[in-house]
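Position chain B relative to chain A; hints supplied.
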Amino acid sequence: MFQELNRRQFVAQTAAAACSLTAALGCPAVVRAADTKWGDLVGRLVYDGTAPPRQKLKVDKDLDCCGKFDIRDESLMVGSDGGLMSVFIYLRTVKVEICPELAAAAPKRVTLDNRDCIFQPHCMAIWYDRQEFYIVNSDPVAQNVAFTPLGDTPANIVLPVGGDASHQFGRKQNLPVPIACNYHPWESAYILPRDNPYFDLSQADGTFRIAKVPLGMLEFQAWHERVGYLDAPQWPKGRFTVTVRAGINDLGTLKLNPLLLVKK
Amino acid sequence: MVFLLLAPGGCTTTEPPRFRLNTEGRDPARISRPQQDAILGALEGLFGTPDEPKVPPGIELPLEPLKMAAGPVGSAEDGSLWGLYRKYCAACHGISGDGAGPRAALFDPYPRDFRHGVYKYTSTAGGAKPVRTDLQRTLHCGIPGTAMPSFDRLSDREIVALVQYVVYLSIRGETELFLLQLVLDEDEYPVDKAKAAREGALPAAASWVAAEKMVVQPPPPPALDTAEQLSTSLARGRKLFATKDAKCVQCHGPAGKGDGEQSELYDDWNKRKRGVTPQQTQELARLFRLPLEQLRPRNFTEGIFHGGARPIDIYRRIHVGIKGTPMPAAGPAPGSSGALKPEDIWHLVSFVRSLGPGGGR
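Chains as they are written, first to last, in our numbering: chain A, 427 to 690; chain B, 2 to 362.
Treat the hints with caution; some may be incorrect.
Below are the DSS-like pairs computed for lysine-lysine, each with C-alpha atoms no more than 25 angstroms apart in a straight line [to be verified]:
(1) A:K484 to B:K274
(2) B:K274 to A:K689
(3) A:K482 to B:K272
(4) A:K494 to B:K245
(5) A:K482 to B:K274
(6) B:K272 to A:K484
(7) A:K598 to B:K196
(8) A:K521 to A:K534
(9) B:K245 to A:K484
(10) A:K598 to B:K88
(11) A:K463 to A:K521
(12) A:K663 to A:K681
(13) A:K598 to B:K245
(14) B:K68 to B:K88
(15) A:K521 to B:K196
(16) B:K88 to B:K55
(17) B:K194 to A:K521
(18) B:K258 to B:K121
(19) A:K663 to B:K196
(20) B:K194 to A:K598
(21) B:K272 to A:K689
Source of the hints: derived by calculation from the structure; they are not laboratory data.
Pulled out of the complex, with its shape left as it was, chain A reads as follows:
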């Protein structure tokens, strides 16, 4: 009659029962047992200086369509309060347990849009064996998406107006893969295919959050388009180790000297 439960299932079921009970009683919900298995990693990256003005890129093809946009270099994006945007932060430690909730929560698609004669977004990461890499052309001219992941099948796709395509990566990459457009040479983007959801890209305010990371000592990697591995004094070769505990693990604000982001 009784189902054999392992310890984890027993605790989870008890906690779930306790939760619904206390909710019904109007009491504050207890911390679910499941939450004590995972932690969130948060932090903020700040460009400690005045960001140089973004250079205009040479737009010399399809001018009737693309000439009207103010297309500028996106390799160093600093927010109004100094936040450093588009830094890839991802888990380096291999063979980690993945929180089951994340598979359901992850968006089905990671979309690369050809819009306004640039790739949008400029940087993205994908859980390649769970999410679909979906490429679409929202521009009124044909577009091309070309990239060559190391040790994996290259792509060189033509997207007619309104066209779309889907690409399946065959393996994870340790470094983001550059994406180019052969028709419009100023266009560029980066995609990082990983085999788990433990990655994030810093936002316009410099913040990043990697949710539901397994507990314990884990190594992470930071990468930025301008310099590759974000080699900082606190993060040699862009790597840092965190002992992840349940709840929020706040790395705080990391102020980066502008010299660290000078293109080599």
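For chain B alone, coordinates are given in the frame of chain A:
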């Protein structure tokens, strides 16, 4: 002084040739001795040497043809030749298949660097590797308009041996690229040979096998027996050539003379040699064996096609693109409906051929 000229060493080389480390795009001075030894040692353990090739376990590459192609030039008792690669290929493609043999610097375009596993003239969709018949066709026909000659006079057995050896160099090259990232970027050395095989060599070999399923099967070409059929096909082809969806005109020019507005084109082997400014390009030059070479879109009025001038050859170039170059795949592929329908590609083929001398006849 004369004694110095007669210093010991003699006139013969006793050292067998060795594979050269792929340092393209990297500063060799920044690669430490232990790192270099780790990479080359792992590769030698898996793939052997230019004289004694080996095939890592789990990879389906028969050793006999490789032995025929490898090693110094010689002959067996039955008159068949050995050291085929060194005799026919190494002077241009290099001992390591790096496309930088002693003659390479003379040519435009350069000989192929096999180590990336990317080949231009293929029949496979979706960015896949070529199939063996693609490489055999290249050896039989050569690449007209370039320094790659036809090896039609070789026996079938010899051509198969050379093709297999190219595949071997290619798998070895991709394993090397994996190891370069592992050792130099990730700082992981000494190298776990099992990891190098599992994550470097086996996926590379598997991609060659997977390519067999990606061969494009075109629909039958339209009948072009009557003048009316021909002119209809040409008109459709001309229209497609100019269409915004295919973007042929952008590189090949409105009359197909290769004078489109896209003037600065490079293939993947040369793209990395370019910096953002001319000065940066100059500085990058020391990291590469051969100087930067530009790519020229085909001028169809010449009637010379590198990948072959048969209708099926040109069909394949359009459908699957020319891998490693800006020429994209316009035909359907898994995950992409493409810019052109296969039937339309045939009309484009008619049009492109008609631009050649004598109307492509």
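Q: Would you check the hint for K494 of chain A and K245 of chain B, treating anything up to 25 angstroms between C-alpha atoms as holding?
A: Answer holds: K494 of chain A to K245 of chain B is near 19 angstroms, not above 25 angstroms.
Q. Would the pair K194 of chain B and K598 of chain A pass a check requiring their Cα atoms to be no farther apart than 25 angstroms?
A. Judged against 25 angstroms, a Cα distance of about 20 angstroms means the pair holds.
Q: For the pair supplied as a hint, K68 of chain B and K88 of chain B, confirm whether the alpha-carbon distance does not exceed 25 angstroms.
A: Answer holds: K68 of chain B to K88 of chain B is near 14 angstroms, not above 25 angstroms.
Q | Hint consistency between K88 of chain B and K55 of chain B [alpha-carbon to alpha-carbon, up to 25 angstroms] | A | 20 angstroms, holds
Q.
Given the hinted pair K482 of chain A and K272 of chain B, is their Cα-Cα distance within 25 angstroms?
A. 22 angstroms, holds
Q: Would you mind confirming whether the straight-line C-alpha gap from K521 of chain A to K534 of chain A stays at or under 25 angstroms?
A: 23 angstroms, holds
Q.
Just to be careful, I want the Cα atoms of K598 of chain A and K88 of chain B compared with a cutoff of 25 angstroms; is the pair within it?
A. It is violated: about 40 angstroms lies between the C-alpha atoms, which goes past 25 angstroms.
Q) Within a Cα-Cα threshold of 25 angstroms, do K663 of chain A and K681 of chain A meet the stated pairing? A) Judged against 25 angstroms, a Cα distance of about 16 angstroms means the pair holds.
Q: Would you check the hint for K521 of chain A and K196 of chain B, treating anything up to 25 angstroms between C-alpha atoms as holding?
A: Given pair K521 of chain A, K196 of chain B holds - Cα atoms ~15 angstroms apart, limit 25 angstroms.
(Q) Run the distance test for K598 of chain A versus K196 of chain B: straight-line Cα separation, threshold 25 angstroms. (A) 15 angstroms, holds
Q. Regarding the pair K272 of chain B and K484 of chain A, is the alpha-carbon distance no greater than 25 angstroms?
A. 17 angstroms, holds
Q | Agreement of K598 of chain A and K245 of chain B with the hint, judged by alpha carbon distance not exceeding 25 angstroms | A | Answer violated: K598 of chain A to K245 of chain B is near 35 angstroms, above 25 angstroms.
Hint check: violations occur at hints 10 and 13; the rest are consistent with the structure.
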